[in-house]
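A.B. asks: Start from the sequences, fold in the hints, and give me the full structure.
Chains as they are written, first to last, in my numbering: chain A, 20 to 270; chain B, 2 to 254.
These aren't lab readings, by the way, just hints derived from the structure by calculation. Since the structure is predicted, the reported quantities are computational estimates derived from the model, not experimental observations. Watch out, some of these pointers could steer you wrong.
Keeping only pairs whose Cα atoms sit at most 27 Å apart, straight-line, the calculated DSS-like set for lysine-lysine is [as the list claims (entries may be wrong)]: (1) B/K109 <-> B/K186; (2) B/K9 <-> B/K250; (3) A/K265 <-> B/K108; (4) B/K109 <-> B/K130; (5) A/K265 <-> A/K200; (6) B/K130 <-> A/K265; (7) B/K83 <-> B/K9; (8) B/K186 <-> B/K250; (9) B/K108 <-> B/K130; (10) A/K265 <-> B/K186; (11) A/K261 <-> A/K200; (12) B/K9 <-> B/K186; (13) B/K130 <-> A/K261; (14) B/K250 <-> A/K265; (15) B/K19 <-> B/K9.
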Amino acid sequence: MKKANRGNLPALVLFFALLMLWQLGAMKMNAAYILPTPTQILQRLWELREPLLMTHLPATMSVTLIGLGISLVLGLALAVIMDVSPLCQKALYPIVVASQTIPTTAIAPLFVLWFGYGIWSKVLVAVLITFFPITITVYDGLQSARVEMAELLTTFGATRRDVFLKIKVPCALPYFFSAIKMAVPMSIIGAAIGEWLGAQSGLGYFSRRMMTQLDGAGVFAPIVLLSAVAMLAVALIAVIEKRVVKWRGEF
Amino acid sequence: MSVLEFDKVTYRYPGDDKNILENLSFAVEPGSFHCILGVSGCGKSTIFRLTNGLLHQTEGRVLVGGEPVGGRRHVCGYMPQKDLLFPWRTVGENLALPMEIRGGIPKKEQLLRIDAALAQVGLAGCRGKRPDELSGGMRQRAAFARTMLTGSDLLLLDEPFSALDFLTRLTMQEWLLDQWRTTGKTILFITHDVEEALFLSSSVLVVESTPIRSLREIRVPLGADRTRRDLTRPELVELREELIGMLRKQVTE
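C.D. replies: Here it is in structure tokens:
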């Protein structure tokens, strides 16, 4: 732990230096509706803590979690299907990759049109952004299993199911965690974008409302909160990963 | 009855225009230790892969314990060149693999057998260690213990020591001879190292050409209680030169 802290020191110093620069620059500019200072943002965050934490954060988090859950189920299922069947891999892989060329943000307003201002239009945005990295990363993980290991197990009398459970799954586990660490911030971004486009609550929606009121600090406050939550979530997953994955990388 | 018998076996890799094995027949008697000696790429490993069921012959029959190999789930103990210990499992968990796959052995019994196998290969107390905590020689011994735990009487060892450093390799060869004497298993050992073949086997099966049509059996005039010094005896030095000459001549048609 001590070592990690020391490693982070340069980053922390730079971070605070940049914050100072921002603070000074914004103070000099003196136009809080365009560029608020960090202290103004923190102050606003404190003032708005009640609606932000009680109403809008839970709304965004439920979109994020539902989106992430669906992406996980969908992504894992696709990865396993592609791994098991080469035919499915040939059929699905190009489509999965192509789905990423769709500019999700640009067509997201359509989702609002189709699914309304409720939660599902936002969930769809989050899913579209996150299922791809999960599918591809977990698929790569399953494929990283070495043929020789599978052959050895086969000479022990293993079935395809044995090979999958005893080799493929352990091989894919580190990849799975990498995928989750990527997917969590992305699903939060997806949820926020969805809310920006049209919602009744949520941090993205709140940020946009503050924009129309020319409240610069109010625009930033929910974004700061979102970032903090994303960082916390990733850190939490890293802790779980450390406990579950005792092995990573080279054979 | 032979432990292993090849009866007019022909094999051709899909997409190749030549056979790698052609009408090959040979038999291995129980409790013997043979080395298959040949240059790299001559098809030695193909013989193993046909025996352990990873490949299926184009023509002929492969019999292990008098039964055809095709369709059987587990045929023999196979140990490849790399130890292939699964890095996410402890040494003990690695050794449990063959028993997990076979099923029907209670956990307690598995542990007993694992401890016995580890003690036998000189790794007592290493059950909870991770493979990357072991040295190269120890890893090979663990892999050998895992092969033993398949419960097979026929062990196929495919250049298991070729990646080890010189001195470790010598120690492991002596160790393997010792294991063979105490367990009474039938061992078939692939190598391209003439000295290794002479030191280990009761007779050397030389691959003289590719496609392999026959294995030339050369008896090693040493008993089971041999030592490395025996290799310096004149008749063995001569035999070594003869074998090297045969390998040099080996033609690839």
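A.B. asks: Evaluate each hint against the coordinates.
C.D. replies: Hint-by-hint comparison with the structure:
{"no.": "1", "hint": "B/K109 <-> B/K186", "in the structure": "holds, 25 Å"}
{"no.": "2", "hint": "B/K9 <-> B/K250", "in the structure": "holds, 25 Å"}
{"no.": "3", "hint": "A/K265 <-> B/K108", "in the structure": "holds, 23 Å"}
{"no.": "4", "hint": "B/K109 <-> B/K130", "in the structure": "holds, 19 Å"}
{"no.": "5", "hint": "A/K265 <-> A/K200", "in the structure": "holds, 17 Å"}
{"no.": "6", "hint": "B/K130 <-> A/K265", "in the structure": "holds, 12 Å"}
{"no.": "7", "hint": "B/K83 <-> B/K9", "in the structure": "violated, 30 Å"}
{"no.": "8", "hint": "B/K186 <-> B/K250", "in the structure": "violated, 33 Å"}
{"no.": "9", "hint": "B/K108 <-> B/K130", "in the structure": "holds, 19 Å"}
{"no.": "10", "hint": "A/K265 <-> B/K186", "in the structure": "violated, 36 Å"}
{"no.": "11", "hint": "A/K261 <-> A/K200", "in the structure": "holds, 13 Å"}
{"no.": "12", "hint": "B/K9 <-> B/K186", "in the structure": "holds, 25 Å"}
{"no.": "13", "hint": "B/K130 <-> A/K261", "in the structure": "holds, 18 Å"}
{"no.": "14", "hint": "B/K250 <-> A/K265", "in the structure": "violated, 50 Å"}
{"no.": "15", "hint": "B/K19 <-> B/K9", "in the structure": "holds, 16 Å"}
Comparing the model with each numbered hint stated earlier shows that hints 7, 8, 10 and 14 do not hold.
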